[in-house]
Amino acid sequence: MSRLLDIQDLCIGFSAYGQHRRVLHHVNMHVEEGERVSLIGQSGSGKTVTMRTIIGTLPMPPGKVEQGSIHYAGQSLLDLARAERNALKGTGISIVLQDPMLSFNPVLTIGRQMDDIIRYADIRSGRRRPKAERRAQMVETLRKVQLKDSGRVLDSYPVMLSGGMRQRVLIGMALLNKPRLLIADEPGTALDVTTQAEILALLNTLVAKEGLSLLLITHNLGVVREMADRVYVMERGHIVESGPRDDIFDAPDHPYTRRLMAAVPPLYGHKVKTVTHTGPGDMVAVEGVSKDFLTRGGWLNRVTGQFRAVRDVTLNVARGDVFGVAGESGSGKTTLAKMILGLTSPSAGEIRLDGRPVSDFAGTRDFRKLIQIVYQNPGSSLNRRRTVADQLAVPLKFTGQDRAAITRRIGELLTLVDLPQAYASMYPHELSGGQKQRVAIARALSVNPRILVLDEPTSALDVLVQSTVIDLLNRLRDEFDLTYIFISHDLSLMRNFCNRVAVMLRGEVVETGPVADIFDAPRHPYTRALLSAIPVISPEEDARKPPVTEAERAKVLATSTELED
Amino acid sequence: MSALLNDPDAPNRGLTSGQMAFYRFRRNPLAIIGAIIVISVILAAIFAPWLAPSPESAGSFVDFRNRHAPPSWDHPMGTDNVGRDVLSRVIYGYRVSLGLVLGVLGFAVPFGVVLGLAAGYFGGWTETLIMRFTDIMLALPPLAMALAITAVLSPNLINAMIAITLLWWTWHTRLIYRIVKAQMNEDYVEAARVAGASDVHILFRELLPNCVSAVAVKISLDAGFVILFGAALSFLGLGVQPPTPDLGTMVATGSEYMPEMWWQAVMPGLAILYAILGFNLLGDGLRDMLDVEL
Numbered sequence: 094m095s096r097l098l099d100i101q102d103l104c105i106g107f108s109a110y111g112q113h114r115r116v117l118h119h120v121n122m123h124v125e126e127g128e129r130v131s132l133i134g135q136s137g138s139g140k141t142v143t144m145r146t147i148i149g150t151l152p153m154p155p156g157k158v159e160q161g162s163i164h165y166a167g168q169s170l171l172d173l174a175r176a177e178r179n180a181l182k183g184t185g186i187s188i189v190l191q192d193p194m195l196s197f198n199p200v201l202t203i204g205r206q207m208d209d210i211i212r213y214a215d216i217r218s219g220r221r222r223p224k225a226e227r228r229a230q231m232v233e234t235l236r237k238v239q240l241k242d243s244g245r246v247l248d249s250y251p252v253m254l255s256g257g258m259r260q261r262v263l264i265g266m267a268l269l270n271k272p273r274l275l276i277a278d279e280p281g282t283a284l285d286v287t288t289q290a291e292i293l294a295l296l297n298t299l300v301a302k303e304g305l306s307l308l309l310i311t312h313n314l315g316v317v318r319e320m321a322d323r324v325y326v327m328e329r330g331h332i333v334e335s336g337p338r339d340d341i342f343d344a345p346d347h348p349y350t351r352r353l354m355a356a357v358p359p360l361y362g363h364k365v366k367t368v369t370h371t372g373p374g375d376m377v378a379v380e381g382v383s384k385d386f387l388t389r390g391g392w393l394n395r396v397t398g399q400f401r402a403v404r405d406v407t408l409n410v411a412r413g414d415v416f417g418v419a420g421e422s423g424s425g426k427t428t429l430a431k432m433i434l435g436l437t438s439p440s441a442g443e444i445r446l447d448g449r450p451v452s453d454f455a456g457t458r459d460f461r462k463l464i465q466i467v468y469q470n471p472g473s474s475l476n477r478r479r480t481v482a483d484q485l486a487v488p489l490k491f492t493g494q495d496r497a498a499i500t501r502r503i504g505e506l507l508t509l510v511d512l513p514q515a516y517a518s519m520y521p522h523e524l525s526g527g528q529k530q531r532v533a534i535a536r537a538l539s540v541n542p543r544i545l546v547l548d549e550p551t552s553a554l555d556v557l558v559q560s561t562v563i564d565l566l567n568r569l570r571d572e573f574d575l576t577y578i579f580i581s582h583d584l585s586l587m588r589n590f591c592n593r594v595a596v597m598l599r600g601e602v603v604e605t606g607p608v609a610d611i612f613d614a615p616r617h618p619y620t621r622a623l624l625s626a627i628p629v630i631s632p633e634e635d636a637r638k639p640p641v642t643e644a645e646r647a648k649v650l651a652t653s654t655e656l657e658d
Numbered sequence: 023m024s025a026l027l028n029d030p031d032a033p034n035r036g037l038t039s040g041q042m043a044f045y046r047f048r049r050n051p052l053a054i055i056g057a058i059i060v061i062s063v064i065l066a067a068i069f070a071p072w073l074a075p076s077p078e079s080a081g082s083f084v085d086f087r088n089r090h091a092p093p094s095w096d097h098p099m100g101t102d103n104v105g106r107d108v109l110s111r112v113i114y115g116y117r118v119s120l121g122l123v124l125g126v127l128g129f130a131v132p133f134g135v136v137l138g139l140a141a142g143y144f145g146g147w148t149e150t151l152i153m154r155f156t157d158i159m160l161a162l163p164p165l166a167m168a169l170a171i172t173a174v175l176s177p178n179l180i181n182a183m184i185a186i187t188l189l190w191w192t193w194h195t196r197l198i199y200r201i202v203k204a205q206m207n208e209d210y211v212e213a214a215r216v217a218g219a220s221d222v223h224i225l226f227r228e229l230l231p232n233c234v235s236a237v238a239v240k241i242s243l244d245a246g247f248v249i250l251f252g253a254a255l256s257f258l259g260l261g262v263q264p265p266t267p268d269l270g271t272m273v274a275t276g277s278e279y280m281p282e283m284w285w286q287a288v289m290p291g292l293a294i295l296y297a298i299l300g301f302n303l304l305g306d307g308l309r310d311m312l313d314v315e316l
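The listed protein sequences derive, respectively, from chains A and B. Here our numbering is used: the first residue of the first sequence is 94, the next is one more, and so on. Here our numbering is used: the first residue of the second sequence is 23, the next is one more, and so on.
Hints are supplied without guarantee of correctness; some may be wrong.
[As the list claims (entries may be wrong)] With beta-carbon atoms standing in for the labels, derived distance ranges:
no.: 1; chain 1: A; residue 1: ASP192; chain 2: B; residue 2: VAL174; range: 55 to 61 Å
no.: 2; chain 1: A; residue 1: TRP392; chain 2: B; residue 2: VAL174; range: 39 to 45 Å
no.: 3; chain 1: B; residue 1: SER220; chain 2: A; residue 2: ALA609; range: 43 to 49 Å
no.: 4; chain 1: A; residue 1: LEU387; chain 2: B; residue 2: PRO231; range: 30 to 36 Å
no.: 5; chain 1: B; residue 1: TYR296; chain 2: A; residue 2: GLY504; range: 52 to 58 Å
no.: 6; chain 1: A; residue 1: ARG351; chain 2: B; residue 2: ILE61; range: 58 to 64 Å
no.: 7; chain 1: A; residue 1: LYS648; chain 2: B; residue 2: PRO231; range: 47 to 53 Å
Worth flagging that the hints you see were computed from the coordinates, not collected in a lab. Heads up, the beta-carbon is just placed ideally off N, CA and C, and yes, glycines get one too.
The task is simple: from the sequences and hints, build the whole structure.
Here's what the structure looks like:
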């Protein structure tokens, strides 16, 4: 086999603000004809820089290729003239970007955007084709990515498609001009796990059928195991390990690879930690709770309908529980959390915290001392214009403490979450993602609450950082006898962190119980579909996934191949 | 860009955002020129009595022997129709202009910002009331409004200031409203509410700091336009009254002697241009440095 893409000794540096820094160090990697290769790395490891250098979209300056070469099918990409290099776009190398929403222009139809791609490729290669012929090619491509009703899809605007359909269209666009190398940057990571599984399967089928080569860039080891023949592991701009997939997964050699593997929470098998602790008495009682949202429109903003986000949910969370609420986007898990936090009131039913109805005391000082929240994205939940100390002081100030007590408490809180005291005067952008989340946890703990709502607290973090944050949360729970409500779509993490879980689908709790029961013997088809869709890192885990039939899957999952009416 | 430079989970040990902003500013020659011009105008206004070659020209001084003298070493910008030194009057004129800027923006900015914060934060009827009123004010032609106001009251500096202020706050309301609306989607607002923070705290301690850089840029761009607007009013005889030296009035009076005795109108005109150019270059530089969209 010949090398389709060959990167030799690539070094890239950045000069910005009078400073110089090298971000890629002597990178050697290649993709053979028909091969599926994965580049794994955490955020900031240099994998995106590598990808952008290959496709020629790295801004230069500030970026600079200091050494090395990139060859595509024998041509040296870095030496090609601009026009020759552009001619390869789409026809030689094509790319599928991560975010299926941001990659579209929202005001143009899908058809128009696909047509542009064909037309410009035609112009570059000096061809001219009638519109109907181009349209036929688009329909053909959409069929390849298994989208039904291609005519309607082509006439739709991006917002009219679901996330999964947009990702399919995006893949179709990359295939329009029959490339030989497909680069996929975190495909499907922005989607729900069941949709992601469909997208990965589609990519695998396409690579096999069309004879493509695939370069997959991702941080998700589970995805890599399903999608790669050969793997490169990148850490801080260095390729630290490479080899056939099974070698890397069975016997990782480099300490960094081993740390990465160890940090991935196992779904099944002997490495799973089952959490069982629980205390006496109900801390949170949710009884028959529903929430309706009114949709408005038409003349004078009249109510035109209602949408039931949460439907007749009943849950009990015991003192000391780590209670997981699992569900995909739109399942109503965040709305449920907001009702528990008293930020919005239920349309029906009642929620009691420690025996008291939420509606009686939401917003009071007592309420805030009972329950607090940690948000998903610390970049958004921390105010970037205020120092760490300022932000930690807010809850303290509004429970009426004086300045000396506040200062003392801020010191204690930083120690509690393992941050140096000096961080008190820093602004959020000076901290890393994991450190920011620690500050957010410290803020939630500042008034000694007894319940914490954790709204996907680690989903914005890399897997290594995630494991340290989870360790911290476990330690704090033991130390302060906290009760957690953990909202997440990451079932592997839940398996190891929670003692009880509830699975939500379209506003309803479809299954609830102790974590081992739910994972080992899931009864509801949706739970089984969810579990079986999770990309895992060992064959042992794959083997123990629950079976789910096609009919069951079709019943509980929304399709990403068809437009809804 | 900085995301590419960062280590996975190490804190950002490089430059602080202040240093980066200053670096961007330093690399922008036009912004530096703008800053120098603005500083020179401010210094000229403050030290006018010491800088002006003939401070008495700022008043109702008359020297008929020297009237209509062209630019020379004694009078670098020439003299006007009663023999006063134009350069001295320009320097004193900056005092009036900057006073106008301070007066107008000193009232219009806080007023506009508070209304914008309230409209964006509270939403609902508050928002409708404030923003629709703002729209109505914006729909009125500014010069006609200012003319009407100063004509009803008597034409002088204070009334010109009131007229411009009444028109100016609207832009700040709109700017802040839009920023706050975007910020309301950020979790920190809800986080503050869960922490028990009061509305006043959220408005002024959480949201306002996120508006500061945009307001700073807007103010520096505004300053030039306020000077221009004030000069336009004076030109029409509705602003500062003689003998107080005002750049707009000087252009108006000087224009009667155009084109033969051009310096009487052109020199104060250039002085207006100089100040506005300075404020606008500075504003653009600040915008790049603080990375805000207006």
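query: Do ARG351 of chain A and ILE61 of chain B keep their Cβ atoms within the hinted range of 58 to 64 Å?
result: 60 Å Cβ-Cβ, so the 58 to 64 Å window holds.
field: Whether the CB-CB distance between TRP392 of chain A and VAL174 of chain B falls inside 39 to 45 Å
entry: Check passed, 41 Å falls within 39 to 45 Å.
message: Quick check on a hinted range of 43 to 49 Å for SER220 of chain B and ALA609 of chain A, using CB atoms only.
response: 46 Å, holds
task: Check the following: the C-beta atoms of LEU387 of chain A and PRO231 of chain B are separated by a distance inside 30 to 36 Å.
output: Hint holds: Cβ distance 35 Å, inside 30 to 36 Å.
message: If I claimed the Cβ atoms of LYS648 of chain A and PRO231 of chain B lie 47 to 53 Å apart, would that claim hold in this structure?
response: 51 Å, holds
message: Is 52 to 58 Å respected by the C-beta to C-beta distance linking TYR296 of chain B and GLY504 of chain A?
response: 53 Å, holds
message: Looking only at beta-carbon atoms, does the pair ASP192 of chain A, VAL174 of chain B fall within the given range of 55 to 61 Å?
response: Because 57 Å falls inside the window, the suggested range holds.
In terms of the numbered hints stated before, the structure departs from none.
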